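These protein sequence lines map, in sequence, to chains F and S.
If you want the numbering used here, it's the 1-based position in the first sequence plus 25.
If you want the numbering used here, it's the 1-based position in the second sequence plus 46.
None of these hints come from the bench; they were simulated from the model.
Being a predicted model, the structure only gives us computed values, none of them experimental.
Quick reminder that beta carbons are idealized off the backbone N, C-alpha and C, glycines included.
A couple of the hints might just be wrong.
Unchecked claim - Residues on chain F that point at chain S, a partial pick, calculated with CB under 7 angstroms:
hint: 1; residue: G217
hint: 2; residue: K366
hint: 3; residue: L382
What the hints assert, rightly or not - Listed next, the in silico DSBU-like pairs over lysine-lysine satisfying Cα-Cα at most 30 angstroms (straight line):
hint: 4; chain 1: S; residue 1: K135; chain 2: F; residue 2: K117
hint: 5; chain 1: F; residue 1: K114; chain 2: S; residue 2: K85
hint: 6; chain 1: F; residue 1: K286; chain 2: S; residue 2: K79
hint: 7; chain 1: F; residue 1: K114; chain 2: S; residue 2: K135
hint: 8; chain 1: S; residue 1: K89; chain 2: F; residue 2: K117
hint: 9; chain 1: F; residue 1: K89; chain 2: F; residue 2: K133
hint: 10; chain 1: F; residue 1: K366; chain 2: S; residue 2: K89
hint: 11; chain 1: S; residue 1: K89; chain 2: F; residue 2: K401
hint: 12; chain 1: S; residue 1: K85; chain 2: F; residue 2: K411
hint: 13; chain 1: S; residue 1: K131; chain 2: F; residue 2: K401
hint: 14; chain 1: F; residue 1: K63; chain 2: F; residue 2: K500
hint: 15; chain 1: F; residue 1: K500; chain 2: F; residue 2: K43
hint: 16; chain 1: F; residue 1: K366; chain 2: S; residue 2: K135
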Amino acid sequence: MSTSLASLTIRQLQNDLKAGHISPVDIVSDVITSIENKDSEVGAYLSINTEDAIEQAQNADISKPLGGIPISIKDLINVEGQPCSCGSKFLKDSYISTYDATVIKKLKEAGAIPLGRVNMDEFAMGSSTENSGIQITKNPWDLKRIPGGSSGGSAASVANDTAIASLGSDTGGSIRQPASFCGTVGLKPSYGRVSRYGLVAFASSLDQIGPVTKTSEDAAIILNTIAGNDPLDSTSLDSEVPDYLQSLNGDIKGLKIGMPKEYFTEGINPEVLSCIHGGIKTLTELGAEIIDISLPHTEYAVSTYYIIATAEASANLARFDAVRYGNRTSDPTNIIEHYRKSRAQGFGEEVKRRIILGTYVLSSGYNDAYYVKAQKVRTMIRNDFKNAFENVDAIVSPTAPTPAFKIGEMSNDPLQMYLADIFTIAANLAGICGISTPCGVIEEDTGNKLPVGLQILGPALQETTILKISDAFEKATDWHKQRPSN
Amino acid sequence: MQDKSIDVNYVADLARLELTPDECERFSEQLNKVIDFVKQLEKLETDSIEPMAHASPVFDIMRDDVNRPGFGSENALLNAPMANKNQFKVTRVVES
Numbered sequence: 026m027s028t029s030l031a032s033l034t035i036r037q038l039q040n041d042l043k044a045g046h047i048s049p050v051d052i053v054s055d056v057i058t059s060i061e062n063k064d065s066e067v068g069a070y071l072s073i074n075t076e077d078a079i080e081q082a083q084n085a086d087i088s089k090p091l092g093g094i095p096i097s098i099k100d101l102i103n104v105e106g107q108p109c110s111c112g113s114k115f116l117k118d119s120y121i122s123t124y125d126a127t128v129i130k131k132l133k134e135a136g137a138i139p140l141g142r143v144n145m146d147e148f149a150m151g152s153s154t155e156n157s158g159i160q161i162t163k164n165p166w167d168l169k170r171i172p173g174g175s176s177g178g179s180a181a182s183v184a185n186d187t188a189i190a191s192l193g194s195d196t197g198g199s200i201r202q203p204a205s206f207c208g209t210v211g212l213k214p215s216y217g218r219v220s221r222y223g224l225v226a227f228a229s230s231l232d233q234i235g236p237v238t239k240t241s242e243d244a245a246i247i248l249n250t251i252a253g254n255d256p257l258d259s260t261s262l263d264s265e266v267p268d269y270l271q272s273l274n275g276d277i278k279g280l281k282i283g284m285p286k287e288y289f290t291e292g293i294n295p296e297v298l299s300c301i302h303g304g305i306k307t308l309t310e311l312g313a314e315i316i317d318i319s320l321p322h323t324e325y326a327v328s329t330y331y332i333i334a335t336a337e338a339s340a341n342l343a344r345f346d347a348v349r350y351g352n353r354t355s356d357p358t359n360i361i362e363h364y365r366k367s368r369a370q371g372f373g374e375e376v377k378r379r380i381i382l383g384t385y386v387l388s389s390g391y392n393d394a395y396y397v398k399a400q401k402v403r404t405m406i407r408n409d410f411k412n413a414f415e416n417v418d419a420i421v422s423p424t425a426p427t428p429a430f431k432i433g434e435m436s437n438d439p440l441q442m443y444l445a446d447i448f449t450i451a452a453n454l455a456g457i458c459g460i461s462t463p464c465g466v467i468e469e470d471t472g473n474k475l476p477v478g479l480q481i482l483g484p485a486l487q488e489t490t491i492l493k494i495s496d497a498f499e500k501a502t503d504w505h506k507q508r509p510s511n
Numbered sequence: 047m048q049d050k051s052i053d054v055n056y057v058a059d060l061a062r063l064e065l066t067p068d069e070c071e072r073f074s075e076q077l078n079k080v081i082d083f084v085k086q087l088e089k090l091e092t093d094s095i096e097p098m099a100h101a102s103p104v105f106d107i108m109r110d111d112v113n114r115p116g117f118g119s120e121n122a123l124l125n126a127p128m129a130n131k132n133q134f135k136v137t138r139v140v141e142s
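With the rest of the complex left out, here is chain S (with noise of 0.2 angstroms):
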């Protein structure tokens, strides 16, 4: 079995968030116990058994292809951190 112990540096980087390293040591800390809690599932013999995505899965739900009333620019905006021109204003996401 390979090592399950948790890179909580690494993890945060896939997830985008910055942690302190304080924040680091702290959760490192606390996710090995639950990862080593979690474990424990290891002891169940689950080969036969099928995953479960929903508790009742529904199937092919389509609405009609028609258009429907939508949000509007002005809506979508009012929650902005920032907007310019009628639109969202994005950190440069191109290096220049």
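Isolated chain F (complex conformation) (with noise of 0.2 angstroms):
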């Protein structure tokens, strides 16, 4: 049997396509084929625009930069004539976006397909995309385990080969959470780095969308298409977008990594450790020097995230009032009551636990003591990055501090899962970028594999660094080929 082109590079296939060896016909057929065989298990994908996606490729240009690549979206991002569900039975059969969120609109232009809508925690709230409203998706390396989240459908959808990439969002570390849970790529570029217009927001002031893919290349490719300024997004930077696949030279010789003390504490999985260890023994024998650093303030990050998050989470969600969409209730007695029911029926659990807390460090009298204070703390952790950027290039850490956990395992207990988060918020607090790359893979009692990720973070704006290390961390290692054997 020929090896399916779903299982290719957004690279691989380009080279292909321009040889002439296939169309992108070809690729569509054999992504949609895939997906058929194998996603019944796994459970990454919400809908499939089988037909509009094949007559897009028909008519797809090979010349433009990513002509005839289908991606898959993740479901809060609004791509014209699709469903947008955010994962949430409040919008569930009952939404058609009716325009294109800025970077569909970049991806189209660039001769991309979007396929697909793939799950995740509803309104991205989760770190495990249990939070759906719709359906549970599994780890594609270990079916009794989640995928992670909260861009868990397009972590598993890479993964599982029934995606060449997938576009997500990072809010608290929903690209590089799953990204390493899964054993692919995954970018969070800078805040303001993309536009967020059309992008269905939970946190403002910490939302990015960026990609998930096989390797920092394909990363690469899809951030040169997406990024940059857009009048429809204010908060998005009118700064120079670099060309993103040029940086990427295999020769990270002399550059200056650190290793914060705090990302290496009790309390990470001993194999995990070992396996972050090894990645940054590789970087090391590529030329790079390791410093330790501290980022003295690490500890308070889980609780200004969860303040500040929240906070912008319940203004956000206000919007779902169930009069211009949404499902409403039946025959509410007085508008309040059709608020009330309406967003009682239509939110999950988590989604109604975070707008509680975030209404709450809002309302009259903790206003000071909570969200306040939080944005003072937000202050001391983007100065703590800002002192050990002036000595390193990069940061080094493992993305997450365990493997991918068990469903159910933790979805009783909240905070638990928030702490899962502890590596990866800071990145967002700050605004700063950062990747995951994998970096080994765990080997259960079962003899099934768990891939682990390695997080690199760099400054605001220098994705071309982070990308030109783990693009020489992955020339220079296999991990990111592994696949799950399922």
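If you follow the hints, you should be able to join the two separate chains into one complex; please do so.
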């Protein structure tokens, strides 16, 4: 049996397309076949626009940067004519996007084909995709385990070779952590690097869209297309977009990479730690200089994040009032009951919990004690990174303290689940960029393997640096080529 | 220091969320644990620190004051739970 084109990278497909060996229709057909054959047990996809995607493939222009390349899309990024349910019952079966998000417009202009909507924690709130109001997504490496979250469908689709690449969003680690758990690459761009127009907002000062891919090279290809200023998102930065591919020369000699002592403490799974140390050794062999650094306010990041993110979420989710869209409760007697019941019926537990926490920290009498306090600590966390980046070019750490956990293992203990984000959320608070790339696997007692991700953080707008490091790492190792055995 | 345990019923009312008694009890227990945890921030001296609302703040982003294409009522109503006469149909707001 010949290899499915769905298992290849963007770069490999581009080479084959240009050589005339394959057509965009071949690629899209292979991805759809792969979804039909392999997605039922993983459950990454919520819907697939088969006919429309094939039609786009027939008309694809392969001279464009992403010509004929299908990309799966996290279910909170608007694609005109497709559902956008944000993994929520509130929008399920009742919402069809009436416009393209800016990232989708850019992807389409570059010739890419948005193919399918992939699952997520409801409104991106969660770290396991168990909070989806629609379905459970399983980790392709071990179907008893979660794929991570909130972009669990993105990472699972890429890892399962049911997608070439995917777009996710990262508010506190939602691209990097599932990438780590599924053995893929996940890039969170710096705040403001990519337009958020058309991304359904969770926490507006933290959210960023980014790619989940099989290689850092592919991540650079997608970032080249989606990065840049957008008049429709006033927080998008008006700074030049470099050619991210050009920096990928494999040469990281002399680069200074910091190892923050606060990220290498007790509580990290020992096997994860050993994979990370192996990864750091490889970076040293490639000529990078590893330097001990300190990010002294790391222990406060989770608290700061869960105050700021929920506060912003409680305001953002006020728009879900079942007046203009969303599933409305039947026969409410007055407008207050209409709001209360529609929202109660549409939102899942975690979303309700976070709206309540966010409303509480913003409420009269508590605003200063929680919200303003957290904003001040956020400044301290940002300053930690600012100081660190005076001495190093990048920072390396585990992406998550554990490999993928079992379905149901943490779902009754929200605080434990929040603490699992400890290594990823500071980057969002500080607005810097980060990438997770596979750096090892752990073997379970059952013989199953679980991937581990190495996180590389860089200063704001220095995506070139972290992509260069992760790409050099991938050129020297085979971890990113490993695939689940099922 | 004032009592900071959370009155979930009261806050849910502010957020226009109807909770079952069971949810209320469960969220109280879970969120009080979260609040106890985030109180660790009190340990930090922050009097001289500026609060930060945005990682990379940008200011005074203006656009030309000219017409540009909008949504149009047909598009805006596509996902309406109830619509009538080219308008959203809303639950009664004014008391009869």
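Here's how the hints hold up against the structure:
no.	hint	result
1	G217	holds, 5 angstroms
2	K366	holds, 6 angstroms
3	L382	holds, 6 angstroms
4	S/K135 to F/K117	holds, 20 angstroms
5	F/K114 to S/K85	violated, 33 angstroms
6	F/K286 to S/K79	holds, 27 angstroms
7	F/K114 to S/K135	holds, 21 angstroms
8	S/K89 to F/K117	violated, 43 angstroms
9	F/K89 to F/K133	holds, 10 angstroms
10	F/K366 to S/K89	violated, 40 angstroms
11	S/K89 to F/K401	holds, 13 angstroms
12	S/K85 to F/K411	holds, 25 angstroms
13	S/K131 to F/K401	violated, 50 angstroms
14	F/K63 to F/K500	holds, 29 angstroms
15	F/K500 to F/K43	holds, 23 angstroms
16	F/K366 to S/K135	holds, 17 angstroms
The structure shown violates the earlier hints numbered 5, 8, 10 and 13.
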